[in-house]
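So the protein lines, in turn, are chains A and B.
Following UniProt numbering, the numbering of the first sequence begins with 1 at its first residue and continues without gaps.
Following UniProt numbering, the numbering of the second sequence begins with 1 at its first residue and continues without gaps.
Take these hints with a grain of salt, some might be off.
The list cannot tell twin chains apart, which means a pair is met if one copy fits it or any two copies do.
Under the rule of at most 27 angstroms between Cα atoms (straight-line distance), these lysine-lysine pairs were calculated in the BS3-like manner [as the list claims (entries may be wrong)]: (1) Lys142 x Lys121; (2) Lys8 x Lys102; (3) Lys44 x Lys229; (4) Lys44 x Lys5.
Just so you know, these hints were derived from the structure itself, not from any lab.
Number of protein chains: 2
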Amino acid sequence: MPDFKDVKLLGFDVFGTVVDWRGSVARHVDKVFSSQGIVLDPYKFASDWRSLYQPAMERVRTGERSWVPLDVLNLENLKVTLAYSGVDATRFTAQGLNDLNKAWERLAPWPDSVAAIDRLKRKFAVGTISNGHVAGMLWLSKFAELHWDVILGAETAKNYKPRPEVYFRSAESAGLSIEETAMVAAHNDDLEAARGCGMKTVFVRRPTEHGPDQTTDLVADDECDIAVKDLAELADVLEC
Amino acid sequence: MPDFKDVKLLGFDVFGTVVDWRGSVARHVDKVFSSQGIVLDPYKFASDWRSLYQPAMERVRTGERSWVPLDVLNLENLKVTLAYSGVDATRFTAQGLNDLNKAWERLAPWPDSVAAIDRLKRKFAVGTISNGHVAGMLWLSKFAELHWDVILGAETAKNYKPRPEVYFRSAESAGLSIEETAMVAAHNDDLEAARGCGMKTVFVRRPTEHGPDQTTDLVADDECDIAVKDLAELADVLEC
Chain A
1 MPDFKDVKLL GFDVFGTVVD WRGSVARHVD KVFSSQGIVL DPYKFASDWR
51 SLYQPAMERV RTGERSWVPL DVLNLENLKV TLAYSGVDAT RFTAQGLNDL
101 NKAWERLAPW PDSVAAIDRL KRKFAVGTIS NGHVAGMLWL SKFAELHWDV
151 ILGAETAKNY KPRPEVYFRS AESAGLSIEE TAMVAAHNDD LEAARGCGMK
201 TVFVRRPTEH GPDQTTDLVA DDECDIAVKD LAELADVLEC
Chain B
1 MPDFKDVKLL GFDVFGTVVD WRGSVARHVD KVFSSQGIVL DPYKFASDWR
51 SLYQPAMERV RTGERSWVPL DVLNLENLKV TLAYSGVDAT RFTAQGLNDL
101 NKAWERLAPW PDSVAAIDRL KRKFAVGTIS NGHVAGMLWL SKFAELHWDV
151 ILGAETAKNY KPRPEVYFRS AESAGLSIEE TAMVAAHNDD LEAARGCGMK
201 TVFVRRPTEH GPDQTTDLVA DDECDIAVKD LAELADVLEC
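Bound-form chain A, shown alone (with noise of 0.2 angstroms):
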């Protein structure tokens, strides 16, 4: 067993390491646009509205925009989703927008997801270091029965990862040091930025996260202290 002996907390990354975004969005809107006749193709249009993901969080992160919640942003890229996918988005009312956006508190865990978590809990605490808000994260986990001890992440920091203040902000709303905790992603940059604060690392493979032709996140950098196929195999070499 690696060396995790000091680790009290296992901070998880949860869009695409616990959930199935792609898949999960691809389907919600798939319903709606079916219902108003709307012909899309409904994964490629989950995987150009996570493509304003990353832009959006990046104006934050360099202070050219003040905090704002991850469904803000959300909500602003759907907007610009619709237009780019040619669909006009004054056909929506304001509650159908929100309802279209709530889409990410509607995300199907990983077959492996919860009661690997479970079976992590017995031994360390579990919570989610993740860019979603607070309140995504309460409806998205009660959606998807995940069952954390505390959710941490950009609103504790009032910032977005890679940011270092998440990871360490994270750790001393836990009452933590950065050493006693954990970074547990599908995504290198992740974890990469984490070990740089100070955390140990596992890189979980989620290698059809962003559909079968992935080619991003396919293996772990060699500095992660845990490589695993999934979360089950987790909680096997961390004996829980």
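Take the given structure of chain A and dock chain B to it, following the hints.
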């Protein structure tokens, strides 16, 4: 059943409502004091320590002092209580004082709490709206096996109940309007403040929170939406 159909989040006061702070703190300090040959009434010590809690928070509420989390106040109050009790605080290392202060993260739940909250969680989001800070709630809940969906309250608002912003910010952080939330507490003043903000209110009778001679909060104010003898009865009333 009372009209709770719009309520999505039950926000719980914790100290006294969900856990027995007096008995637990007394047992914790008694063990430490006994090991050091210090002879004290541990129940009186617990009550004396707790008696400094409201005045310490009041300085933050009034703005005389800027926000500090509850463990900071508890540690300051511990030193005062030791002095008041005739114990030389320099007998303890900084670590020893911190260990004593951790009494507040080692509180036993009332016998009905854990199972009832698990039942309520099936139908509602359940969260803390406590004056405890996030780390304190996290580790207390791990210790007591309380399974919250979210930790809200004082640290979310950077102020202390019964200041209205604690209730409002907790609802907002959960993505809800205040009318979609209910406060569950054993203290009428907490419930009165929550009601003033627009929350539904649930009084839970904890007649020995302050010991066998308790004279306060033995009955609910008439304005409470629900009054129950314990949380199991609340789960019954709300048909969970």
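Hint by hint, here is what the structure shows:
{"no.": "1", "hint": "Lys142 x Lys121", "in the structure": "both (17 angstroms within a copy, 9 angstroms between copies)"}
{"no.": "2", "hint": "Lys8 x Lys102", "in the structure": "between (32 angstroms within a copy, 16 angstroms between copies)"}
{"no.": "3", "hint": "Lys44 x Lys229", "in the structure": "within (26 angstroms within a copy, 55 angstroms between copies)"}
{"no.": "4", "hint": "Lys44 x Lys5", "in the structure": "neither (43 angstroms within a copy, 38 angstroms between copies)"}
In this structure, only the earlier hint numbered 4 is contradicted, and the remaining ones agree with it.
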